[in-house]
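Participant: Sequence:
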Amino acid sequence: MKRDPLPAARKSPASVELKVVRIGNSRGVRLPKAVLERYEIRDALVLEAREEGLLLRGKKDKRLSWEETYREMAREKEDWSDLDATMADGIDLEDRW
Numbered sequence: 001m002k003r004d005p006l007p008a009a010r011k012s013p014a015s016v017e018l019k020v021v022r023i024g025n026s027r028g029v030r031l032p033k034a035v036l037e038r039y040e041i042r043d044a045l046v047l048e049a050r051e052e053g054l055l056l057r058g059k060k061d062k063r064l065s066w067e068e069t070y071r072e073m074a075r076e077k078e079d080w081s082d083l084d085a086t087m088a089d090g091i092d093l094e095d096r097w
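Residue numbers for the sequence shown, in our numbering: 1 to 97.
Misleading hints may appear alongside valid ones.
Calculated pairs, DSS-like style, for lysine-lysine (alpha carbon to alpha carbon, straight line, at most 27 Å) [claimed, not checked]:
(1) Lys77 - Lys60
(2) Lys19 - Lys33
(3) Lys77 - Lys33
(4) Lys19 - Lys59
(5) Lys19 - Lys77
(6) Lys59 - Lys33
(7) Lys59 - Lys77
By construction, these hints were calculated from the structure, which means they are not laboratory data.
Since this is a predicted model, take the numbers as computed values, not measurements.
Using the sequences and the hints, build the whole thing.
Facilitator: Take a look at the structure:
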């Protein structure tokens, strides 16, 4: 029986040591199959740099609602005031009126 690399019973954040391996001319890490399945990681990951270290998470497939988008933008603590408000279809809202 294989040992689960990240036991579900842990209350605190689980961690597992991964080795950095050569992949062609690059370097990378291999994630255990159990981790990929548990966190539903498919084809893409997002790597976030944080004060406490790096965070690796699965890429979200769904689009954010306006409320979720606002929360994400507020969390980024970035100045969004110069953001060009163009819709996804490339048509400015001001051009419609």
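Participant: Checked against the structure, which of the hints given earlier come out wrong?
Facilitator: 3 and 5
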